[in-house]
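**Q** One-letter residues, chain by chain:
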Amino acid sequence: MTQNVLSAFKGKVSASNYKNWIGVAPFFLFAILFIFLPSIRLFVDSFKDNNGHFTFANILQLFSEPYILNAYALSIKISAVTALGGAILGFLLAYSVTVGNLPKPMRSILITFSGVASNFAGVPLAFAFVSTLGRTGFITILFKDVFGLDIYQSGFNLYGFAGLSLVYMYFQFPLMVLIMAPALDGLKKEWREASENLGASAMQYWIYIALPVLLPSILGATILLFGNAFGAYATAYALTGGRIGIVTIQVGAQIRGDVLHNPGLGYAMAMGMVFIMAISLAGYSWLQAKTERWLK
Amino acid sequence: MTHLALTNVSKLFGDFAAVRDFNLDVEKGEFVSFLGPSGCGKTTTLRMIGGFEIPSFGNILIDGEDITNKAPNQRNVGMVFQSYALFPNMTVAQNIGFGLRVRKESEANIADRIKEMLSIIHLEGKAHSYPYQLSGGQMQRVALARALAIRPEVLLLDEPLSALDAKIRVSLRAEIRGIQQRLGITAIYVTHDQEEALSLSDRIVVMNTGKIEQVGTPFEIYNFPKTRFVANFVGSLNTADAEVVDVQQGLLIADGVLFHTAEGTKGRSVGDKVKMAIRPERFSFASEQKKANVIDATIENITFLGAVVRIEVKIGNANFNMDTFNNPFLELPKIGSQTKVTCSREAVLVLDD
Chain A
1 MTQNVLSAFK GKVSASNYKN WIGVAPFFLF AILFIFLPSI RLFVDSFKDN NGHFTFANIL
61 QLFSEPYILN AYALSIKISA VTALGGAILG FLLAYSVTVG NLPKPMRSIL ITFSGVASNF
121 AGVPLAFAFV STLGRTGFIT ILFKDVFGLD IYQSGFNLYG FAGLSLVYMY FQFPLMVLIM
181 APALDGLKKE WREASENLGA SAMQYWIYIA LPVLLPSILG ATILLFGNAF GAYATAYALT
241 GGRIGIVTIQ VGAQIRGDVL HNPGLGYAMA MGMVFIMAIS LAGYSWLQAK TERWLK
Chain B
1 MTHLALTNVS KLFGDFAAVR DFNLDVEKGE FVSFLGPSGC GKTTTLRMIG GFEIPSFGNI
61 LIDGEDITNK APNQRNVGMV FQSYALFPNM TVAQNIGFGL RVRKESEANI ADRIKEMLSI
121 IHLEGKAHSY PYQLSGGQMQ RVALARALAI RPEVLLLDEP LSALDAKIRV SLRAEIRGIQ
181 QRLGITAIYV THDQEEALSL SDRIVVMNTG KIEQVGTPFE IYNFPKTRFV ANFVGSLNTA
241 DAEVVDVQQG LLIADGVLFH TAEGTKGRSV GDKVKMAIRP ERFSFASEQK KANVIDATIE
301 NITFLGAVVR IEVKIGNANF NMDTFNNPFL ELPKIGSQTK VTCSREAVLV LDD
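From first to last, the protein sequence lines are chains A and B.
Take 1 as the starting number for the first sequence in this note's numbering and just add one per residue.
Take 1 as the starting number for the second sequence in this note's numbering and just add one per residue.
For the record, the hints were derived by calculation from the structure and aren't laboratory data.
Bear in mind that the values here come from a model prediction, so they are computed numbers and not experimental data.
Wrong hints could be hidden among the right ones.
[As the list claims (entries may be wrong)] Dumping the calculated DSSO-like pairs for lysine-lysine here, alpha-carbon to alpha-carbon at most 30 Å:
1. B/104 - A/188
2. B/104 - A/189
3. B/115 - A/189
4. B/104 - A/290
5. B/211 - A/189
6. A/188 - B/226
7. A/290 - B/115
8. B/226 - A/189
9. A/189 - B/167
Construct the entire structure; sequences and hints are all you get.
**A** Structure below.
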């Protein structure tokens with residue numbers, strides 16, 4: 001009798017588990033087809049030359065070719081600068097519309113803008129900046145005519161490091177706003193009141209309570225911004241036409257280029273990108289473990 | 001000398017008066033509860049003492065010093081929040097020591113005070129635990145220790161037990177009262193739970209719609225409520241419309257039944273319409289006819305409430321509740337049977353509006 005009840009119960013549990021798994025099946029299918037299998041192909045093909053023979057040459061080139069090393073350095077630099085810039089700007093904006101005292105409609109406006117802007121990339125974004133801050137862009141001309149300032153004469157170049165960083169910032173800081181606004185909402189009013197009640201100043205509240213509580217979210221979001229910029233290709237390509245040598249553009253040139261056609265090297269460079277992101281994520285996990293030890 | 005004084009304190013939110021003309025003097029070491037329904041202004045008053053709201057009118061003084069416009073971190077007032085408000089990124093010890101740390105006390109002092117506070121709340125073994133590792137009752141004890149660690153002039157407690165289950169609530173309230181008495185600290189306690197207020201307080205301030213209804217000891221508030229609101233809010237009550245029949249003898253008539261009252265007719269005239277009130281536990285079966293009021297009644301209903309048995313009796317045309325302690329050998333009357341119930345003159349109250 002007991003056995004029957006148990007087996008009936010087990011049957012019920014496994015049936016319900018089976019249904020739950022069906023719900024996530026499309027995700028796993030998608031992940032296998034478009035993440036896992038391409039990654040394996042990437043890994044395997046990075047050890048092949050143009051004739052399909054096994055080689056270590058592609059991997060060795062990653063450490064010996066100056067243009068590849070420079071590409072990684074430039075990508076890391078742009079990603080780090082825009083991640084930090086986006087994190088700071090996004091955090092301040094999120095702060096002002098959540099715990100700051102700005103009028104409530106400002107929050108809806110900023111969040112809606114951020115939702116759109118964080119996904120605005122590629123050719124349309126490049127075109128938007130070319131038509132505003134390009135050599136004959138609307139704002140460039142406006143500065144020249146109204147203030148007598150030629151920003152290009154002053155050293156600005158939309159098609160260089162500063163310009164590309166500025167363009168990346170357009171989708172970086174809105175992403176930070178979208179991530180940080182709910183995190184800032186999670187700060188309880190009572191924590192601030194309790195700290196004030198115990199004699200703390202606003203600065204002490206932020207240093208000892210709010211920032212430590214937010215640190216895991218800030219770190220996570222900054223790493224996300226770094227990855228977001230590190231993997232960007234279309235925006236940089238559309239803006240500079242491949243003239244700026246970041247890794248993604250170099251990978252593209254190796255895989256589908258006419259002059260630099262060496263898919264094996266392209267795959268190896270992509271593997272290098274995966275490796276750098278893995279190091280970033282490992283660093284993040286370590287920091288997160290340090291900053292989140294008070295969480296369940 | 002008055003330790004904490006609130007003089008003509010009012011708080012307006014736009015056109016809405018959350019607190020009106022609040023006057024109260026609290027002695028050092030006194031435990032005062034603000035009791036009232038939601039929205040009566042008790043928490044707003046507490047927050048004004050804590051500095052989280054600034055009064056629209058009036059003054060708040062501690063030991064004669066006007067603190068009305070001082071920032072919360074400039075008043076030496078400790079507060080225990082309903083939601084504990086423990087800092088999640090700090091251990092129990094760090095939470096308790098936080099107030100001392102921001103006041104730049106020496107590390108030795110901080111360590112000593114943390115040890116002392118942990119011993120007071122009996123959580124010596126939890127110094128290095130994080131809030132998420134504690135139960136609700138433990139968290140609230142830590143919140144209390146944190147507020148006490150700064151040696152506040154006044155301790156404010158904003159419904160500190162309402163998030164806890166019934167058993168913990170009862171044990172923790174005794175603990176709070178014990179600690180308060182031991183340290184001799186002045187405490188203001190906000191609650192909507194009458195049992196909590198009655199069991200903890202030296203005095204109770206009953207509030208309604210932003211105003212004080214009555215201030216008194218728990219005994220006075222329960223036994224001699226001055227207004228209909230206090231009588232209804234604190235404990236359960238039988239009320240009936242009555243008319244003064246004889247001022248000298250203290251006689252009232254309600255639904256054709258005469259009731260003797262002790263002081264209810266003072267200052268009134270024959271024919272005055274009044275609201276008469278009698279607490280259910282003040283009635284008893286009339287085994288002897290010594291009491292002033294011996295009244296014919298019909299048993300309408302009997303409800304078993306555990307420690308108490310509630311008997312609904314019909315007197316005249318009105319129904320009254322009568323409470324009697326449960327006793328396994330108690331012989332309860334049958335529903336529909338005729339009986340006599342009795343109550344003293346003092347039990348018959350006449351309420352102001």
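**Q** Given the proposed pairing of residue 211 of chain B with residue 189 of chain A, does the C-alpha separation stay at or below 30 Å?
**A** holds, 27 Å
**Q** Against the 30 Å threshold, does the CA-CA distance of residue 104 of chain B and residue 189 of chain A hold or violate the hint?
**A** holds, 24 Å
**Q** Does residue 188 of chain A pair with residue 226 of chain B here, judged by a C-alpha cut-off of 30 Å?
**A** Not satisfied, since the Cα-Cα distance of roughly 40 Å exceeds 30 Å.
**Q** CA of residue 290 of chain A to CA of residue 115 of chain B, is that 30 Å or under?
**A** Answer holds: residue 290 of chain A to residue 115 of chain B is near 26 Å, not above 30 Å.
**Q** Residue 115 of chain B and residue 189 of chain A: Cα distance at most 30 Å?
**A** Answer holds: residue 115 of chain B to residue 189 of chain A is near 28 Å, not above 30 Å.
**Q** Has the given pair, residue 104 of chain B with residue 188 of chain A, been kept, meaning a C-alpha gap of at most 30 Å?
**A** holds, 25 Å
**Q** Holds or violated: are the alpha carbons of residue 104 of chain B and residue 290 of chain A at most 30 Å from each other?
**A** holds, 26 Å
**Q** With the threshold set at 30 Å, check whether the alpha-carbon distance from residue 226 of chain B to residue 189 of chain A stays at or below it.
**A** violated, 38 Å
**Q** Residue 189 of chain A and residue 167 of chain B were given as a pair; does the straight-line alpha-carbon distance stay at or below 30 Å?
**A** holds, 29 Å
Comparing the model with each numbered hint stated earlier shows that hints 6 and 8 do not hold.
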